[in-house]
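**Q** The primary structure of each chain is shown beneath.
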Amino acid sequence: MIAALLAAFVRLFTGVQARWIGCTPGAMQRVYFANHTSNFDFLVLWSVLPDQLRKRTRPVAASDYWRAGRLRQFLAESVFRGVLIERKKVTRANNPMDQLVPVLQGGDSLIIFPEGGRTSEPEMRPFKSGLYYLGKAVPQVDLVPVYINNANRVLPKGELLPLPLLCSVIFGEPLRLEKSESKDAFLTRARAAVEALIDL
Amino acid sequence: MNLLGTDREMQILGAGALAVLLIASTIGFFLHLRVKSEEGRELIDNLNARIKAWWVMTIIFFLALATGVIGSVILFCLISFLALREYVTLTPTHRADHRALFWAFFIITPLQYVLIAFHRYGIAVIMIPVYAYLFIPIRNVIAGEYKDFLARNSKIQWGLMICVYFVSYAPALLLLDVPGRAGQNGKLLYFLVCVTQLSDVLQYVFGKCFGRHKIAPNISPNKTVEGFIGGILGGVLIGTGLWWITPFS
Chain A
0 MIAALLAAFV RLFTGVQARW IGCTPGAMQR VYFANHTSNF DFLVLWSVLP DQLRKRTRPV
60 AASDYWRAGR LRQFLAESVF RGVLIERKKV TRANNPMDQL VPVLQGGDSL IIFPEGGRTS
120 EPEMRPFKSG LYYLGKAVPQ VDLVPVYINN ANRVLPKGEL LPLPLLCSVI FGEPLRLEKS
180 ESKDAFLTRA RAAVEALIDL
Chain B
0 MNLLGTDREM QILGAGALAV LLIASTIGFF LHLRVKSEEG RELIDNLNAR IKAWWVMTII
60 FFLALATGVI GSVILFCLIS FLALREYVTL TPTHRADHRA LFWAFFIITP LQYVLIAFHR
120 YGIAVIMIPV YAYLFIPIRN VIAGEYKDFL ARNSKIQWGL MICVYFVSYA PALLLLDVPG
180 RAGQNGKLLY FLVCVTQLSD VLQYVFGKCF GRHKIAPNIS PNKTVEGFIG GILGGVLIGT
240 GLWWITPFS
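Same order as they appear, the protein sequences are chains A and B.
Note that numbering that gives the first Met the number 0 has the first sequence beginning at 0, numbered continuously upward.
Note that numbering that gives the first Met the number 0 has the second sequence beginning at 0, numbered continuously upward.
The hints are simulated quantities; they were obtained by calculation from the structure and are not laboratory data.
Owing to the predicted nature of the structure, the values given are computational and were not obtained by experimental measurement.
Check each hint, because a few of them may be wrong.
As the list claims (entries may be wrong) - Partial list, computed: chain B residues near chain A (C-beta under 8 Å):
| no. | residue |
| --- | --- |
| 1 | Arg84 |
| 2 | Val87 |
| 3 | Thr88 |
| 4 | His97 |
| 5 | Leu100 |
| 6 | Phe101 |
| 7 | Phe104 |
| 8 | Arg211 |
Said to hold, decoys possible - The calculated DSS-like cross-link candidates involving lysine-lysine, where the alpha carbons are at most 30 Å apart (straight line), are:
| no. | chain 1 | residue 1 | chain 2 | residue 2 |
| --- | --- | --- | --- | --- |
| 9 | B | Lys35 | B | Lys213 |
| 10 | A | Lys182 | A | Lys87 |
| 11 | B | Lys222 | B | Lys154 |
| 12 | B | Lys222 | B | Lys35 |
| 13 | B | Lys154 | A | Lys156 |
| 14 | A | Lys156 | B | Lys146 |
Glycine is no exception: its CB is placed at the ideal position from the N, C-alpha and C atoms.
Bound-form chain A, shown alone (with noise of 0.2 Å):
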């Protein structure tokens, strides 16, 4: 109920508009992984899914960022159902694959930023191989490239209040990962897939 508000919300006061040129807004279970200037990022792609999708997606986020503070916490955690990972000190114990990997495993959908945190900069910075081992582990399940554009002007980091300016957000054709293809070959093919959607 929260969530369908917000979504409706995000779109109403960003204007955003979907483009599949990919793949279709379909039921089907997928990894979206895309570029990451803002927070406001994740709002907008998750606001263009269509509610049944929106309602099994989940995003991929930092548990220092999102449990810090209350209103983030609630969130983060009852509105956006998102998976808190360890960021900064990933060990054995603490390994995101162990709670990725279950929830694609029971059928959600999954967002997730590969740069690792927002960047200030036009370029993207390198993947982190999260990507990778998820492909590894399911690779029945579709990653969908995502370009998300203008929310940095949203939102840029560091600001508090949001700007109502028009976003887009970009789906390209889903990849898999290729037999015997070697971790940096997949990520850089993944950081590119992105990048292709930026001119379209």
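Please arrange chain B on chain A, whose structure you already have, making use of the hints.
**A** Same frame as chain A, now just chain B:
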């Protein structure tokens, strides 16, 4: 205060708008039945989408008039807000402009319309071109970024001028105190909106029917010299023909 009221002239204007829209929809419907070629179908679909938009605009406009000054002020405030959103999205602003822009959207824009709604004409005419014009550079100085300082300020200042200040003059027409015409200012707003909109419609119609010479193909590929002249002349004719609803002789 309802601006449609029992005014006989206003009823004629409302009926006129309805008649024009009905004729347009009828023509659009028959063209849709007759058109065969792929290219023609695209053109007629576009025309019918425009006619639908005209219906929506007219209905919203009359609803605003029916709710009086306050409805019209809210309507034009929303139009300003959406226009500014479009303007800033297309204007390359700097990261450091964020807070100045926040003021522009959420403080200055509503404030301008509050001043209009409360009949504060004296301050409404200078709030943006004087105070907002001084405020924006000050806010940007505090943001601490000197790069392209003047250009960055100007983009925000002119955005406010075009999208908010100028647009706010439309509902401000309702505040005018014209001797002997109390409660009839809705017709002034009708005059402004009707002439502007029909001039645009005629520009499109003339361009589609007689357009040969492109006027600015790099900016808008479908605009033609014929449409430009037809729109201006048609607008002048319609404005002249509606002289009887204005206080002008």
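**Q** Is the shortest C-beta separation between B:His97 and chain A less than 8 Å?
**A** holds (5 Å)
**Q** Should the hint that B:Leu100 touches chain A count as held when the rule is a Cβ pair under 8 Å?
**A** holds (5 Å)
**Q** Given B:Phe104 was flagged as interface, is its beta-carbon under 8 Å from a beta-carbon of chain A?
**A** holds (6 Å)
**Q** Sort out whether A:Lys156 lies within 30 Å of B:Lys154, counting only the CA atoms.
**A** Given pair B:Lys154, A:Lys156 holds - Cα atoms ~22 Å apart, limit 30 Å.
**Q** For the pair we were handed, B:Lys35 and B:Lys213, check the Cα-Cα distance against 30 Å.
**A** Holds, at roughly 26 Å.
**Q** Is the interface hint for B:Val87 satisfied, with its Cβ closer than 8 Å to some Cβ of chain A?
**A** holds (6 Å)
**Q** Does B:Thr88 hold up as a contact with chain A if the rule is Cβ-Cβ below 8 Å?
**A** holds (4 Å)
**Q** Given the proposed pairing of B:Lys222 with B:Lys35, does the C-alpha separation stay at or below 30 Å?
**A** With Cα atoms ~25 Å apart, B:Lys222 and B:Lys35 stay inside 30 Å; holds.
**Q** Quick one, are A:Lys182 and A:Lys87 close enough, alpha carbons at most 30 Å?
**A** holds (21 Å)
**Q** Need the status of pair A:Lys156, B:Lys146: alpha-carbon distance at most 30 Å?
**A** It holds: about 20 Å lies between the C-alpha atoms, which stays within 30 Å.
**Q** Holds or violated: the hint that B:Phe101 contacts chain A, with Cβ atoms closer than 8 Å.
**A** holds (5 Å)
**Q** Min Cβ distance, B:Arg84 to chain A: is it shorter than 8 Å?
**A** holds (5 Å)
The earlier numbered hint that this structure contradicts is number 8, and it is the only one.
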